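S.K.: For reference, the chains in residue letters:
Number of protein chains: 8
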Amino acid sequence: MSEQEIRELLTKVKKEEISFEEGVKALKDLPFKDLGFAKIDNHRELRVGYPEIIYCGGKTIEQVREIIKFMLTKENNILATRATEEMYKEVKEFCKDAEYHKEAKIIRIMQKRPQYSDSYIAVVAAGTSDISVCEEAAITAETFGNKVERIYDVGVAGIHRLFDKLDIIRGAKVIIVVAGMEGALASVVGGLVDKPVIAVPTSVGYGANFNGLAALLSMLNSCASGVTVVNIDNGFGAGYSASMINRL
Amino acid sequence: MSEQEIRELLTKVKKEEISFEEGVKALKDLPFKDLGFAKIDNHRELRVGYPEIIYCGGKTIEQVREIIKFMLTKENNILATRATEEMYKEVKEFCKDAEYHKEAKIIRIMQKRPQYSDSYIAVVAAGTSDISVCEEAAITAETFGNKVERIYDVGVAGIHRLFDKLDIIRGAKVIIVVAGMEGALASVVGGLVDKPVIAVPTSVGYGANFNGLAALLSMLNSCASGVTVVNIDNGFGAGYSASMINRL
Amino acid sequence: MSEQEIRELLTKVKKEEISFEEGVKALKDLPFKDLGFAKIDNHRELRVGYPEIIYCGGKTIEQVREIIKFMLTKENNILATRATEEMYKEVKEFCKDAEYHKEAKIIRIMQKRPQYSDSYIAVVAAGTSDISVCEEAAITAETFGNKVERIYDVGVAGIHRLFDKLDIIRGAKVIIVVAGMEGALASVVGGLVDKPVIAVPTSVGYGANFNGLAALLSMLNSCASGVTVVNIDNGFGAGYSASMINRL
Amino acid sequence: MSEQEIRELLTKVKKEEISFEEGVKALKDLPFKDLGFAKIDNHRELRVGYPEIIYCGGKTIEQVREIIKFMLTKENNILATRATEEMYKEVKEFCKDAEYHKEAKIIRIMQKRPQYSDSYIAVVAAGTSDISVCEEAAITAETFGNKVERIYDVGVAGIHRLFDKLDIIRGAKVIIVVAGMEGALASVVGGLVDKPVIAVPTSVGYGANFNGLAALLSMLNSCASGVTVVNIDNGFGAGYSASMINRL
Amino acid sequence: MSEQEIRELLTKVKKEEISFEEGVKALKDLPFKDLGFAKIDNHRELRVGYPEIIYCGGKTIEQVREIIKFMLTKENNILATRATEEMYKEVKEFCKDAEYHKEAKIIRIMQKRPQYSDSYIAVVAAGTSDISVCEEAAITAETFGNKVERIYDVGVAGIHRLFDKLDIIRGAKVIIVVAGMEGALASVVGGLVDKPVIAVPTSVGYGANFNGLAALLSMLNSCASGVTVVNIDNGFGAGYSASMINRL
Amino acid sequence: MSEQEIRELLTKVKKEEISFEEGVKALKDLPFKDLGFAKIDNHRELRVGYPEIIYCGGKTIEQVREIIKFMLTKENNILATRATEEMYKEVKEFCKDAEYHKEAKIIRIMQKRPQYSDSYIAVVAAGTSDISVCEEAAITAETFGNKVERIYDVGVAGIHRLFDKLDIIRGAKVIIVVAGMEGALASVVGGLVDKPVIAVPTSVGYGANFNGLAALLSMLNSCASGVTVVNIDNGFGAGYSASMINRL
Amino acid sequence: MSEQEIRELLTKVKKEEISFEEGVKALKDLPFKDLGFAKIDNHRELRVGYPEIIYCGGKTIEQVREIIKFMLTKENNILATRATEEMYKEVKEFCKDAEYHKEAKIIRIMQKRPQYSDSYIAVVAAGTSDISVCEEAAITAETFGNKVERIYDVGVAGIHRLFDKLDIIRGAKVIIVVAGMEGALASVVGGLVDKPVIAVPTSVGYGANFNGLAALLSMLNSCASGVTVVNIDNGFGAGYSASMINRL
Amino acid sequence: MSEQEIRELLTKVKKEEISFEEGVKALKDLPFKDLGFAKIDNHRELRVGYPEIIYCGGKTIEQVREIIKFMLTKENNILATRATEEMYKEVKEFCKDAEYHKEAKIIRIMQKRPQYSDSYIAVVAAGTSDISVCEEAAITAETFGNKVERIYDVGVAGIHRLFDKLDIIRGAKVIIVVAGMEGALASVVGGLVDKPVIAVPTSVGYGANFNGLAALLSMLNSCASGVTVVNIDNGFGAGYSASMINRL
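Chains as they are written, first to last, in my numbering: chain A, 461 to 708; chain B, 461 to 708; chain C, 461 to 708; chain D, 461 to 708; chain E, 461 to 708; chain F, 461 to 708; chain G, 461 to 708; chain H, 461 to 708.
Please note that a few of the clues may not be correct.
Pairwise CB distance ranges, derived in the manner of DEER restraints [to be verified]: (1) E:Phe480 <-> G:Arg621: 55 to 61 angstroms; (2) B:Lys607 <-> C:Thr544: 22 to 28 angstroms; (3) E:Lys485 <-> A:Asp613: 20 to 26 angstroms; (4) D:Glu476 <-> C:Gln575: 50 to 56 angstroms.
One-sided and incomplete, this derived list gives chain F residues near chain H with beta-carbon spacing under 8 angstroms [as the list claims (entries may be wrong)]: (5) Ile527; (6) Phe530; (7) Leu532; (8) Thr533; (9) Gly618; (10) Gly631; (11) Lys655; (12) Leu680; (13) Asn681; (14) Thr688.
Calculated directly from the structure, the hints in this document are not laboratory data.
In this text, all values refer to a predicted model and were calculated from it rather than measured experimentally.
Just so it is clear, CB atoms sit at the ideal spot from N, CA and C, and this is done for glycine as well.
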């Protein structure tokens with residue numbers, strides 16, 4: 461609330477153009493309104509289908525059920541990540557619209573259809589092992605109203621398959637690269653495109669992989685410019701950030 | 461080169477609409493042209509002032525001098541990061557246009573003025589200790605044709621200063637958060653905005669900071685969505701990625 | 461035993477104000493008495509309800525049962541942390557007063573009511589994931605005779621909820637901040653209050669969280685002064701230290 | 461600002477008991493006032509001699525000089541940690557009152573005498589190697605108005621020297637234990653007292669000490685209750701936290 | 461495709477020695493052909509019995525079944541590593557030729573007999589604990605057409621047993637050393653032979669072994685020249701690399 | 461075989477004091493005999509009851525059974541560490557003398573009684589949590605013919621209990637200190653005695669204990685001289701080394 | 461020495477075909493001769509120009525001078541790695557043939573010309589930063605009598621430059637890939653060739669590179685088969701192993 | 461002080477066989493006397509030449525000078541480790557007897573000749589790089605009155621040199637093995653002897669050696685029984701422990 465707005469409000473109160481109670485109410489909410497916390501939420505609500513999010517990892521079935529029940533009262537779309545099939549069955553009991561994306565481990569409830577973007581996000585991965593993280597990223601991005609192109613069969617060890625798909629990768633507005641083991645795919649893709657690349661290290665591998673540390677360090681040290689990184693296995697985070705960029 | 465283009469080329473050669481030698485030349489370059497490696501470079505060149513980049517870390521003064529001399533022959537702008545004052549003096553000898561950004565440790569040679577974007581990038585940091593990394597990010601982004609807002613006096617330990625600057629931070633199209641020590645600023649900013657946040661951990665700190673590891677892990681685990689991370693002290697990488705996003 | 465006391469004792473023995481045997485006995489126990497080991501225990505016993513403590517982690521049900529049975533003979537309050545529900549059932553068999561705090565994983569047996577402090581300890585956390593560690597801290601502090609205010613719904617990613625509770629946090633004599641993931645909450649709270657803050661990193665998170673390492677390093681590097689740290693998931697330790705400070 | 465205060469303010473504006481401009485001004489500052497950021501600073505200012513603090517690590521002599529010059533305009537006491545002798549000489553040029561504590565690496569400028577507490581803080585260490593960290597803690601605490609007892613000649617390898625000093629250690633309201641190598645002193649002291657212990661690991665040692673990591677982990681895993689930990693070599697942090705507790 | 465070949469092709473098209481369509485086809489495939497990706501595969505196919513490989517770790521029984529079914533259509537040999545007995549039973553249902561190497565955890569389907577080399581690979585290990593990794597290496601090498609000598613009873617703690625087998629070890633063309641715990645066997649063997657040694661650290665051990673880290677670091681720091689290292693427990697990788705060298 | 465012995469052997473062959481075949485045989489075994497590998501084994505066999513050792517960790521019940529059956533044919537004592545109760549039952553079937561030490565997880569078969577030393581080994585630990593490692597050390601030492609004094613109730617957090625037992629600890633020829641958490645007990649004991657101390661870190665603890673790393677580093681950095689360290693949880697190794705020293 | 465040889469020797473002694481003293485001497489050296497330690501050295505000596513090797517890291521100029529002086533007496537070639545220019549000057553004083561390879565930090569003294577192999581080793585790297593490690597590998601391999609092809613201008617971020625050199629890389633018998641930062645080049649090259657690849661991680665980089673750890677882990681986890689790894693910056697080791705393979 | 465002694469003392473005071481003041485004095489010192497702290501020191505003093513020890517690492521020349529001056533007043537031998545040549549020169553000024561062991565970095569002042577043991581300690585190392593740590597161990601052991609055999613030319617990569625020295629190694633009562641790089645020597649020696657082995661990892665090496673971590677982990681995981689470990693580069697600690705064992 462600018463000084464000008466405060467002056468106008470006070471003048472209105474004095475001139476009784478608005479009631480005393482209306483003045484009190486406007487001023488009472490001022491601290492947070494002014495700091496604009498509401499801006500985010502308002503901004504979010506204006507988008508059709510901007511979903512409520514719940515991370516189910518480490519939660520009990522009961523907790524997930526109760527949280528989703530509460531969310532449903534707000535009539536928004538709902539995105540529940542790291543959800544088990546048991547959680548889905550529980551939710552399906554009281555919510556017909558619930559759909560389960562098994563590979564992504566996502567329960568999704570679409571109550572409003574999002575407005576889809578024209579541009580698309582490419583999700584690139586080497587093979588079938590990282591599929592769960594890929595799908596978490598892809599479904600997240602789609603739920604936020606983005607078109608997604610999945611390119612899952614391209615690895616550094618058989619790089620010609622990657623080149624076959626270069627046009628579709630380069631056509632994207634932002635690219636998510638999911639890779640476990642040594643994570644080299646992020647650097648290779650980063651060197652071939654002129655778009656923001658969000659790299660997701662995965663915990664796929666064994667031994668000196670140290671649960672994804674190898675891929676994480678590899679990606680942070682990428683020799684290709686334009687690569688930023690999220691937490692190990694954090695498909696949701698990549699999908700969310702990519703959505704932000706794609707919808708700019 | 462599509463099948464259609466190959467058909468047309470062959471037809472022209474057969475009909476002698478183009479000479480035999482022209483046909484040979486077109487086909488000889490075909491592999492890389494087709495894979496589109498040139499696309500990137502062409503794309504880059506079309507932007508006015510897209511700079512040549514040199515990382516001076518671990519290079520000798522002689523190496524830097526020779527590389528920059530060669531780059532000058534191409535008449536592009538030049539951005540030399542992690543450059544010492546001695547390197548700058550050496551370059552200044554043969555290049556009047558060279559400017560040295562001391563805090564950013566950047567030598568910059570602007571031969572063409574970039575077209576500046578309307579939207580801007582915010583570079584946010586807690587204090588004076590991370591200034592070198594901040595300026596590396598900011599100068600990089602500016603050299604790539606972005607407007608930059610520097611907000612350097614906002615730390616988590618005195619959070620009201622951050623709130624004073626919230627409007628300018630929220631007005632940015634993409635936000636770079638630079639933080640050493642525990643890196644909490646990235647999460648706090650990430651929770652207050654609805655824009656992509658690129659977090660840069662710095663090696664500022666001591667003890668259990670482990671040369672930036674504390675801030676790096678902190679940022680990778682950010683509870684705020686929309687935060688991606690680059691390598692420790694990698695101001696250039698953050699500036700480059702932010703530029704990509706800002707110019708989408 | 462001061463020199464003066466020794467002089468008086470010897471004089472009494474010489475003057476036969478006390479018997480020879482009483483003199484021998486007093487001197488025989490002198491080493492430990494003088495070093496004052498007993499002081500601690502005496503001091504502890506004088507407080508009403510100062511509990512006996514047992515850490516059940518890695519113990520068998522049989523071991524826990526036998527230890528608690530022995531403790532009951534001393535008629536003190538008993539606090540058993542990291543206890544399973546099975547342990548509780550076993551204890552309940554022979555001790556009607558046993559109560560089980562499920563979220564805290566604490567078995568508590570209150571045989572004497574502690575004198576409660578006027579000042580209170582605030583236990584602050586971001587959400588529901590860290591609840592087990594929070595409750596271990598809170599129940600521990602209460603058992604030691606402290607009033608506790610729980611503020612569990614305040615996270616860095618939605619910082620306005622934290623500000624809503626600032627008055628109650630600032631009113632505490634000492635504050636426990638429990639946080640997993642990146643642990644930024646400790647720095648933010650530490651910057652907003654002028655009271656001792658005890659930070660408890662939790663193992664909540666995944667990937668580059670490395671079982672709480674991220675939050676631990678983050679808290680140790682806090683840019684806010686007045687923050688000290690205990691072991692990952694060590695709610696008991698935080699509750700115990702906070703109690704010491706609150707009762708000073 | 462409570463709803464009641466807002467009502468009164470609006471009434472006053474309406475009744476012209478305060479001028480229109482006074483009303484605007486009061487409301488303009490309302491957000492931060494209400495959040496109470498000023499509370500901290502006011503609270504701090506009310507204490508006599510509460511010092512301004514500057515961390516000189518990684519700063520240039522010029523930066524330190526300019527910051528201290530600015531601080532002097534506010535007439536507070538000044539505490540500059542990790543300061544070199546060269547910095548001190550520079551400051552001494554324009555500030556006669558500047559004193560240099562060589563072992564603590566602290567420049568201190570006392571413009572007002574703090575009110576000293578009756579209770580005292582004990583700073584306990586094994587020997588001469590950790591002296592720099594000890595003195596940083598001790599001088600910090602003294603500058604904040606605390607009496608400090610230094611007990612520097614007590615190590616675990618010669619534990620009888622520790623017992624000689626037990627009375628003075630137990631007499632403190634809060635105890636700082638500084639230890640490098642394996643950091644066992646924190647556990648031993650923690651087991652002998654019934655007061656809050658703040659443990660400071662130091663980087664003193666070599667090999668598998670890993671720059672203080674051994675002592676840090678050791679202290680975090682202390683088997684003695686009531687021990688909290690600060691960053692490696694963070695004497696200032698320990699002194700600050702101890703001061704907070706001692707002055708409760 | 462050399463310039464000369466392009467000239468000849470164009471000439472043939474012009475002279476109609478080949479049809480227009482043949483010219484188009486030859487040029488369409490040119491990019492990849494020229495880069496020679498096919499060379500690898502052609503090269504591989506020419507060897508009798510060069511197997512298809514599948515890493516079963518982290519795959520479901522269904523995934524393994526479908527992949528192997530598809531592979532069988534190509535009539536190559538198949539090597540499935542990290543396969544469980546359940547996977548084997550599933551495969552055995554539709555493929556009579558499937559054999560299960562229990563210790564190696566390998567399913568193998570030999571449809572063509574490889575041409576065996578004259579020279580042999582030695583697989584050296586200390587005892588029975590590393591047997592699974594050893595056999596993965598040995599079976600892999602055999603499937604690729606190498607003779608393998610297994611020397612499994614030779615450890616550093618009883619070094620005379622190693623000397624008894626020196627002749628057979630020295631007779632190999634390349635030596636694989638598998639070792640857990642401290643991995644010293646790689647250095648000892650490396651010092652006794654004048655052949656390439658491929659060291660495989662295993663995760664056998666406990667405590668400060670850190671799941672194979674001790675053996676890995678030990679082998680990377682081997683004081684014996686000629687030792688290269690693969691990932692922890694990566695018997696397949698060692699067998700594959702040794703096969704490459706043995707068949708040079 | 462010294463030069464002198466060779467001379468004598470050759471002379472005897474020449475003089476036909478021994479047969480030609482005897483000469484060949486003596487020389488054929490010369491390499492290993494001379495290197496003295498047999499010395500160790502001979503030396504070992506001469507001691508009454510020097511046991512055969514088997515580490516059961518990671519072995520199957522079948523493997524343990526077969527190995528022990530084979531060992532029994534040599535009529536030595538047998539010590540099987542990290543053995544489960546199931547393994548014991550299996551062994552008991554065919555070996556009446558087998559005894560199971562449940563806490564130590566040791567199967568022991570005593571076929572000959574060892575000659576016991578006069579001096580004794582002290583095994584010192586803080587409490588009940590490390591009991592399994594303590595007993596592995598103690599039973600191992602006893603099986604090798606050492607007298608062992610167990611002092612299990614002495615921790616750093618209640619140091620007076622340690623002093624009560626000082627005489628018995630100081631009376632030992634060598635002392636094993638077993639400690640988890642921060643491992644401070646090793647330094648405290650090391651400072652109180654003038655005997656070799658073998659420290660065994662255990663994995664007891666949680667969080668920043670990192671499975672025994674904290675105690676391991678602590679012990680390696682012990683400020684007390686005369687402390688050497690074995691692997692985490694390696695009670696057997698400590699018992700074996702202590703036995704070597706005690707029987708010198 | 462086989463049984464047959466022993467029989468013959470004894471017979472000769474008996475028949476006095478050789479003197480008694482000759483018999484003693486032959487038998488005295490038997491242990492090592494029989495174990496064949498000499499085999500290695502004999503084998504090595506038979507190759508023309510097989511060099512003596514000295515690692516100068518951490519040695520003083522005096523030590524290097526004395527060692528090389530001693531080596532010169534044996535008239536072999538000499539390869540001194542990690543040598544400073546000062547060391548070279550010292551050596552040049554007494555050895556005219558000494559040559560200094562500045563980038564490789566190698567002093568080389570060629571007294572005999574090695575027989576060069578027909579096949580060659582390819583040394584592949586991304587740029588100029590890793591040049592020192594590359595040259596250490598290349599000069600080492602050349603000194604051992606191998607032809608070497610250097611391909612230093614090919615990085616993952618500009619992958620078309622790598623493809624331009626594919627033929628020369630594929631023509632090698634063994635390939636050394638040197639890479640810092642994220643080390644992705646090893647996987648990319650490994651996927652493009654069917655030859656043994658020896659990967660050398662370098663310490664080039666900063667931040668989360670952790671002095672080469674990122675590249676090391678990346679290479680150990682390479683998704684391309686046929687890649688083995690040596691220690692960080694160990695150009696010598698790679699050159700030595702490659703030489704062994706190339707000369708098989 | 462036993463109960464009997466207390467009875468006798470009290471009786472004497474009562475009977476005035478000793479004066480009142482003598483009784484007070486005897487009782488005043490009782491606590492520590494009884495705990496027997498003096499026992500250690502008395503025990504130490506009784507040995508001829510038991511030295512005073514000072515660790516010079518991180519101390520200034522002034523501090524070292526003052527400490528040694530004070531020590532000289534007690535007329536004991538003095539052992540100053542990690543001492544620079546400058547420190548030695550300073551000490552030599554006021555102490556003619558000071559001798560400097562350059563490789564060991566030890567200043568030694570022998571005022572009394574120790575009684576030498578009959579048995580000896582073997583110090584075994586691979587080469588010249590670890591010489592400083594070896595000599596620190598050897599000189600320490602000698603100063604404590606032990607005979608020492610140095611065997612410095614035996615490495616795992618040329619294991620026959622080790623066998624040449626086996627007799628002298630096996631003749632020792634206790635063996636110190638010093639090794640950097642991968643530390644395999646400890647396991648090899650441990651497997652060849654039946655005596656206590658104290659392993660000292662050194663920081664010699666580079667890259668994945670991580671300043672001695674590789675050797676440390678290797679030694680802790682030694683497959684040979686009877687090996688205990690001290691801190692990286694801790695030659696003094698090894699020498700001290702070996703002395704304790706040798707003099708039992």
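S.K.: Does each hint hold? Answer for all of them.
M.R.: Hints and how they fare:
Judged by the Cβ atoms, the range 55 to 61 angstroms given for phenylalanine 480 (chain E) and arginine 621 (chain G) is violated: they are separated by roughly 35 angstroms. Evaluation of the 22 to 28 angstroms hint for lysine 607 (chain B) and threonine 544 (chain C) yields a failure: the beta carbon distance comes to about 60 angstroms. A C-beta distance of roughly 24 angstroms is found between lysine 485 (chain E) and aspartate 613 (chain A), which places it inside the suggested range of 20 to 26 angstroms. Taking 50 to 56 angstroms as the suggested C-beta distance range, the pair glutamate 476 (chain D) and glutamine 575 (chain C) conforms, at roughly 55 angstroms.
At about 17 angstroms, the closest approach between the beta carbon of isoleucine 527 (chain F) and any beta carbon in chain H exceeds 8 angstroms, and the interface hint on this residue is violated. Contact between phenylalanine 530 (chain F) and chain H, as hinted, is not supported at the beta carbon level, the nearest pair being about 20 angstroms apart and thus beyond 8 angstroms. Given hint, leucine 532 (chain F) at the interface with chain H, is violated; its Cβ is 21 angstroms from that chain's nearest Cβ, farther than 8 angstroms. Taking 8 angstroms as the C-beta cut-off, the interface hint given for threonine 533 (chain F) is violated, the closest approach to chain H being about 23 angstroms.
The interface hint given for glycine 618 (chain F) is broken, as the beta carbon of that residue sits about 15 angstroms from the closest beta carbon of chain H, more than 8 angstroms. With its C-beta approaching chain H no nearer than about 11 angstroms, glycine 631 (chain F) sits outside the 8 angstroms limit, and its interface hint is violated. With a least beta-carbon distance of about 7 angstroms to chain H, the hint placing lysine 655 (chain F) at the interface is held under the 8 angstroms criterion. Annotation: leucine 680 (chain F) was flagged as interfacial toward chain H, and the flag holds, the nearest CB pair being 5 angstroms apart, inside 8 angstroms.
Contact between asparagine 681 (chain F) and chain H, as hinted, is supported at the beta carbon level, the nearest pair being about 6 angstroms apart and thus within 8 angstroms. Here the hint on threonine 688 (chain F) is kept, as its CB sits about 4 angstroms from the closest CB of chain H, short of 8 angstroms.
Against the hints set out earlier in the document, violations occur for numbers 1, 2, 5, 6, 7, 8, 9, 10.
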